[in-house]
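So the protein sequences, as listed, match chains U and P. Note that this note's numbering has the first sequence beginning at 1179, numbered continuously upward. Note that this note's numbering has the second sequence beginning at 78, numbered continuously upward.
Treat the hints as calculated values from the structure; they're not laboratory data. One or more hints might be untrue.
Now the in silico label distances, taken between C-beta atoms and shown as ranges [unchecked claim]:
| hint | chain 1 | residue 1 | chain 2 | residue 2 | range |
| --- | --- | --- | --- | --- | --- |
| 1 | U | G1229 | P | G92 | 26 to 32 Å |
| 2 | P | L157 | U | D1234 | 36 to 42 Å |
| 3 | P | K145 | U | V1190 | 42 to 48 Å |
| 4 | U | S1187 | P | A86 | 24 to 30 Å |
| 5 | U | N1188 | P | Q78 | 28 to 34 Å |
| 6 | P | E91 | U | S1240 | 25 to 31 Å |
The beta carbon of each residue, even a glycine, is placed where N, CA and C say it ideally should be.
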Amino acid sequence: GAGVSQSPSNKVTEKGKDVELRCDPISGHTALYWYRQSLGQGLEFLIYFQGNSAPDKSGLPSDRFSAERTGGSVSTLTIQRTQQEDSAVYLCAAQEPSGSLTGELFFGEGSRLTVL
Amino acid sequence: QQPVQSPQAVILREGEDAVINCSSSKALYSVHWYRQKHGEAPVFLMILLKGGEQKGHDKISASFNEKKQQSSLYLTASQLSYSGTYFCGLSLNRDDKIIFGKGTRLHILP
């Protein structure tokens, strides 16, 4: 597709359950980010994948959070044993290859997670 | 590494000018500016690389002062469509991650 696709767009889960959020980035965009945005708040960095380099996981808030990127394309963010404070919109962004003119991030529409 | 943005919020009348500032405690490689409208994904405005350049398109421009580790976004003769939250993002090195500030909410009144 032409843009970054995220699924599901909305997810309601019970506290303690595991959730998986998926990001399908733009073909050829070598860098991929996950950010979290709580209601009315900023863009909190979670994890950064850049080509074949080891991912930068420095923003993951706890060991309940993990992410992988298969084949340099699709990425999955997994949250285990969800807590109410995990409720937020999770945004995925793809970035043009290093050396591109703009370095623009293309954001998906986000996955809204609600933990009851 | 998180940048500090100021002000946190601005209310303007259509046609007025605004300046949003972004500062870092560390030396920067690049500064990225995005605008997010309510309920939508952030949209790219511009990127500035170290070298102190100024960029702009339409009536939105930005500067990057490498020595002061600061960037400013200038909105001239603001339009209703400029309303939204503006985020600056910083990267310390080429290929390094982009960390965003907490945002500046801009509201334009007719």
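Here is how each hint holds up against the structure:
1. U:G1229 with P:G92: 26 to 32 Å: violated (46 Å)
2. P:L157 with U:D1234: 36 to 42 Å: At 38 Å between Cβs, range holds.
3. P:K145 with U:V1190: 42 to 48 Å: holds (46 Å)
4. U:S1187 with P:A86: 24 to 30 Å: Given about 28 Å between the Cβ atoms, the range holds.
5. U:N1188 with P:Q78: 28 to 34 Å: holds (31 Å)
6. P:E91 with U:S1240: 25 to 31 Å: Check failed, 45 Å falls outside 25 to 31 Å.
In this structure, the hints that do not hold are numbers 1 and 6, in rising order.
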